[in-house]
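Make one complex out of these two single chains by using the hints.
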Amino acid sequence: MLATLLTVALVVQDQTPLRATAQETATKQAVLFQGEWLEVRGERQGFLQVYDHRRERPGYVREHQVRVYTLDEASVPQLQAVVGFLKDTPGAEALGIGYTAALLRAAPASQVGPELFDAMGTFAERLARRASVRRSLDETLGGHLEVASSYGVKFTSIEQEDRTRLCYDGEAFRRVLALGGTAQARLRAALALTRPDCVDPALGPVERQALNAWRASVLEQVDTSQLPTWLSNRLHLRRAEVYATLAYQWSRRGEARKGAEASERSVRELARVLRTELADEDRSAYAAAAVRVGASRWASEPVPEKPSSGAFLELSPGKPGETCVRLKEAKDLLREQCTYGLVWPASIRRSPQGTVVSVAVQLLEGWTELWVFHRESDGWKQDVLSPAATEPNLGYVELAGYTPDGSRLLVAREALVEGRVKPLFQVLKRETLLPEVSAERPQDSGTFQRWSSAEWRGGTVALR
Amino acid sequence: MNVKEKLSEVPKKLSEVLRQSVFLTRAAAGSVVSKARWFIYTPRGRRVAVGLTTVGLVALAASSPPVCMVEPGQVGIRVNLLSGNPTELREGWALLVPHVHRLHLYSLKDQIFRPDRSTQANGPAPFQSVEGLSLGVEISVRYALDPARVATLASSMPEDVGREIIEPVIDGVMRRHFAQHTVREIFSTHRMQIQKAITEEIAPLMAADGVILRSVTLGNVDLPSQYRAGLESLLAEGLNAEKMRYTLELKDKRVKESELDAEADKVRREKAAEAAGNEEVIAAKAKAEAMRHILPFKEKEIEQRRLEAEAAKVSRLTHATAESEARQIEAEGESVARRKLAEADAYRVEVTGKAASEQLARDADLISRNPLLIQKTLADKLSDKIQVIIAPPQAGGFIAGNLLGQPTSTGYASGAAPKSQSDLSARAEPSQSEGSEYQEE
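Just so you know, the protein sequences line up as chains A and B, in that order.
Each step along the first sequence adds one to the number in the UniProt record's numbering, with nothing skipped, and position 249 is 249.
Each step along the second sequence adds one to the number in the UniProt record's numbering, with nothing skipped, and position 310 is 310.
Chain B on its own, in the form it takes in the complex (with noise of 0.2 Å):
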């Protein structure tokens, strides 16, 4: 089949829908008239009818209530519709015509706005900065309407004042604003002065839209990882310079502490050295002074020891003569008694001397008498010493001749007799003679 063919079919196709909606129509239309007439003539009809009113009737209620609550810390805004003029109406309730009234409610309370779609670098809108850097700000703006200016701007005052009226007027000042810093002027250094400006430009901006503004506050930055990593560094870098310098500054405060110290501890051992030199002085005048006050005792000690000396010189002295004296007496004493002595001795030597003598002759007498009695005698005194004597014999001698004093070369025999008396005696006792000499010694 060809176009031309197809062509030629569409206008019989068309006739015959026509034709069948001519009839559907009608059909339809019958029905309707014989249902209304239904509602109407019948009892049935008519209670289906007015159940079906009533049934509409709260149905509308619902829908849209007649009587609204303005709650507290809003402002109603009534607006007729068929008039156009607003209304202002304060917190209680309020009558409203269905599609009649229209009532628009706003809060006179503080609000606060948070655009989201500016807060992250890598969001759908970020800021620029000069560096033409993209940055995301946290801003919170806290607004309030202005309830002298409500009812004059409801019909121009949209629903949503945030998203309608101040997103749009701080996106455009803090665009500007921050296009006109740095990334590091935003981060830290600048961000009161930006937040000021801003706040400073928006402020009347939003007043010509019936809005107060309370406050703009920049919150988080949020910087490109990249950047912020540098950023940080950097600012670490700063942090650490600072560091420095207070580290600095006070290890300055420090060595000048620590010459106070010492300039103090200095001063304390001066003052500490002069005090324990003033208190050596002070222990020496002391012992001076001990020393000082003993003197005198040792003084008073040798004049007492010196007449102490004095005395016993005297006394020895006197003694000492006494004992002179004394010892005189006695010697005299002894002289005398020695003189005596002598004497008594003198006379006991004549005396026995005398008798001796007297012995001696009569001794002698009695050996020219008995000659051999000298022998006797010598025997006599020899006998118990000597028990055996052996001596080369003497040709006629006697053995004791020599002690006798007789010639060798004559026995005692034929020998001459001693001559006498005297001479014998002295011979046979020689201990006798020596003993005398002694004693004369």
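Excised from the complex, chain A in its bound form (with noise of 0.2 Å):
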């Protein structure tokens, strides 16, 4: 339809009455928003006599209300000028959708480069920001996604903790990536496809999986060299938290190597955030991409030796996706525990005097146990240390050490606790497990502070 136009006329203000007659008083056929695009057929006592072609009904707009272009080379200029104006506009996304819609109608194929999709995924993007606010009162809302539909832009509504969350599908940000473009625009692009949380929670693992493959492929395309320190930065913190979940999915398909990699990486991606570069959005960001990191990057560390003497863990498959944990000393079994969680033998750990062994256990993509057995005067126990006492979601306990008379343990914790990532490092009592020391800061705590071991400091998250 829009290729046999030559002049259109863009609307420029929110609620303009389309009216039947060139009079004020006329009546409204119809009530247009920004960016909402019209066929200019006259003039009339200062109206525009316009054709509505998205609602078939001819109508008169105010002049002024209106911005009226040729769709040739000629318009290229002044449409390419608004664009670049209203890509930084906030509550203008439709209104620059219409005219990126224009400007990829006027101007010639060899001047229709990444950086019109770039402009129109932006402006995709912040209008379904816009349409997820928690409490919006913005009127002309659903005006905009209207708009924005009737240029093809689609959007995906996602039921996120009770609400709707709109997500734009990425189709111009796509467009970016397979014609090239500046870093930033490929950055942006990549960032946009990768959001977490547009990630359908309803998704099954397998999906998830794929999904995530194919985030780690997108992340992949953009050069880290030709950004700024902090927006390579958020490229990392992406890249870490797909690669974290990565690990934890190939690890669980039986793919060790694939898992190992995947972790490896995720650390890797993890040390290159620097932090004196991070923006103030980033940093929760920052904080869940590190707990993420920590509750998977057993994947990547090598499997102690078995211990010669003592009680050691032995791991055998269970029922189908079962793991089953046996506690033996020399040829006796002393405890048996099957989980559906991923043991990570490269966790297991043993106080000094044997009394205690632990290993992790990580249930979830981001939610890794600790497993404790430990010898008491009536035999051994079993007890399980979770990250939070809340739904399980995101978060990692791991040890820290040991008290010299093997009394105390040291772990360290962290997890999201009312959307804020809370750790704690903690000093616990050996027969109980109930926290005798809780500090924020391991320096805030002397005993951890001078116990925690040296292998826990050289590999954890924890201590970034």
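Everything labelled a hint here was simulated from the structure, so no lab data went into it.
Just so it is clear, CB atoms sit at the ideal spot from N, CA and C, and this is done for glycine as well.
Among the clues, some could well be false.
As the list claims (entries may be wrong) - Pair ranges (Cβ atoms, derived):
1. B:Val281 - A:Trp380: 27 to 37 Å
2. A:Asp169 - B:Gln304: 46 to 56 Å
3. A:Trp380 - B:Arg292: 13 to 23 Å
4. B:Arg292 - A:Asp405: 44 to 54 Å
5. B:Glu332 - A:Asp405: 56 to 66 Å
6. A:Gly419 - B:Ala311: 28 to 38 Å
7. B:Val281 - A:Pro90: 39 to 49 Å
8. A:Asp378 - B:Thr318: 34 to 44 Å
9. A:Pro90 - B:Arg292: 22 to 32 Å
10. A:Gln221 - B:Arg292: 36 to 46 Å
11. B:Val267 - A:Asp223: 53 to 63 Å
12. A:Pro90 - B:Asp265: 19 to 29 Å
Claimed, not checked - Sample of chain B residues with no beta-carbon within 10 Å of chain A, all distances over it, derived:
13. Arg90
14. Glu159
15. Ala207
16. Leu248
17. Glu257
18. Ala290
19. Asp345
Here it is, written out as structure tokens:
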């Protein structure tokens, strides 16, 4: 339809009335929003006679409420200037989409490059964010979304935490990645396409893994060498998060080598984030990515040697998807516990006295528990330390060492509690595993600071 | 001149010719005899005769050499012309007496004969098919002479074996065979059978003539142009049909392959779905397990909170008790303090009242002694606030007579004096009395 037009009027004001005749008192045919386009057919008494193809009706609009362009090469510089201005103007996303569509139509094929699709994607992405704000009083939002949809911009809605989130499907960003574009445009595209909050929570493990593999491939298409540090930090964070998830998923499917590679990559990407250059808005993402990496970092750690004497843990497959952890001493089976989680053999640790044996068990993508087997007067007991007493979502707990007498365990916990990542460095009594000392920083607890093991300090991401 | 006259002149001319010929013969004989005598009896004549004889012998040797070469792969049959006996000669030199011996050389190598008369459909001797159509066939006959029988058959064996022996044989056999088949069969379908049948038939015939048949090959079959076009289109149709058959077979195979693929895909998808289902189940179980592990913590947390709440309750109770006691003590202290204050106040009021009453008594005494003191005091009090007072003149009354409760009809001068000092003091200082009332409230 657009291809047959020569002169279009782009509506620039919200709630512009389309009147039946060229009079202010005439009946309203429709209410137009920013960015809508109309075919210009004439002019009368300060009104433009137009035809609205979307609603299939003719009408009149005030001249000052629209901008008229001829869709040929002569209009390209004007349209480009407006698109450039609107690109960073919040609230004018629908108008920006309208202008970009007009520019795509008017510009010759040689001038249609990735920057146009970058603009289109930026507008759509911002509109989706605007529509996903919790308490919005924006009355024009519905109109703007309809305008965007009329230009073929698709949004998907995702049910999350009792509310609906609107996500852009990323068509324009895919084109940016295919066509090239500047490093920053590619980064914007990759980040928008791999947003974690736009992953449908209803996806099954198989689809989720395929999606994560695709996300990793998209993130690999951006070259960080040409980006400023604060922007490349974002890319490293996203990569760390995706690879940490992939590490769990590959390991879950029995592909230990791929899992180890992904885990190593996630740790490396997290290490490449320069904290001093981290933008304020990225700090929560940094903490969340660190927790994810911490939850699955055992995938790439070397497996310790089996002790020559004393109690040790043996892993064996149980029912489909189940791993059984057996605590043995010589040939005697002391305890057995099976789990549907992923037991990391690299995380098996024993206290110097041999009275405590612990192992990390990852039950979800970002949720790793610590299983503690401890010998008491009436035999061996097994306890589970969870990252936090909340809904299992994001968190990990890891053993940081023992006090020299073996009566206390040092653990580091990090979990997402009420939307904030909360670290805890605790000293637990061996018998009850109840915290004796809790601190938000390791240096706030003298015991922790003194006895945490060098091995833990070298490998953990909690001390970042 | 008529015929009779001509006939009468013939005998005359014949006799004249005869006379001339006899004369010439005699002259020639005379010259030969004289030449012979010259050769024999004169030295020069003998030398010339010897020379001529030598030249004659050399010419004879050159024209029919006495020695001949039999090449390898050949066999020579030397026939004595006087006795008629043949002799077989193998490779090497052979002696031939001129005009006595005659040598026939035969090659024992394989030879190929290709008759060219019947290669074209419009040639001199084309073959005929069962439909009566002319067709040309290129035939190659590979043969060799039987070395064992060459000597015996040499007398009867022609020089050109191919043309003299083979061509007639194959011509007859082939014509018969081709006449039994259709062009289509000759051209494409029965070619091999025909070739085989011909070979089998020709071989014994040629063996009888001392020729060993190696093979018969049918080459290009030349058809009449119209027929060729028709046949080609027919063959093309056939080919198409064949192609279609193969295409259908291929499609059939593809369909089967697709079916198998679909089946495999179905199984794969079923397996994948099953695996995905299993993975989902495992993930759900893992999540439930995590939840199960958290519950004790929650319980512990709740218990701890309960204990904390109890501790807080006890603490608050103790605190409240202490506070209430403290307040009680404070209240008691305060009541005592208030009582003391009240007593002090009462004492103060009493003392003040006493002092005031004494003061009033003193004032009353003073006023009773000096009645104009009231006016003076009033005027003093008003003097700084009122500069001009415009009021209707009250006949004989004081300007502020109302305030003082004087009757309007009588002037101050004629009015009675205040009844008592207490009245006067109460009216002169209304604010003071009001103030005391307020204080008491």
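Comparing the hints with the structure gives:
no. : hint                            : result
1   : B:Val281 - A:Trp380: 27 to 37 Å : 31 Å, holds
2   : A:Asp169 - B:Gln304: 46 to 56 Å : 48 Å, holds
3   : A:Trp380 - B:Arg292: 13 to 23 Å : 20 Å, holds
4   : B:Arg292 - A:Asp405: 44 to 54 Å : 32 Å, violated
5   : B:Glu332 - A:Asp405: 56 to 66 Å : 57 Å, holds
6   : A:Gly419 - B:Ala311: 28 to 38 Å : 30 Å, holds
7   : B:Val281 - A:Pro90: 39 to 49 Å  : 45 Å, holds
8   : A:Asp378 - B:Thr318: 34 to 44 Å : 39 Å, holds
9   : A:Pro90 - B:Arg292: 22 to 32 Å  : 46 Å, violated
10  : A:Gln221 - B:Arg292: 36 to 46 Å : 42 Å, holds
11  : B:Val267 - A:Asp223: 53 to 63 Å : 43 Å, violated
12  : A:Pro90 - B:Asp265: 19 to 29 Å  : 49 Å, violated
13  : Arg90                           : 84 Å, holds
14  : Glu159                          : 86 Å, holds
15  : Ala207                          : 80 Å, holds
16  : Leu248                          : 40 Å, holds
17  : Glu257                          : 28 Å, holds
18  : Ala290                          : 4 Å, violated
19  : Asp345                          : 61 Å, holds
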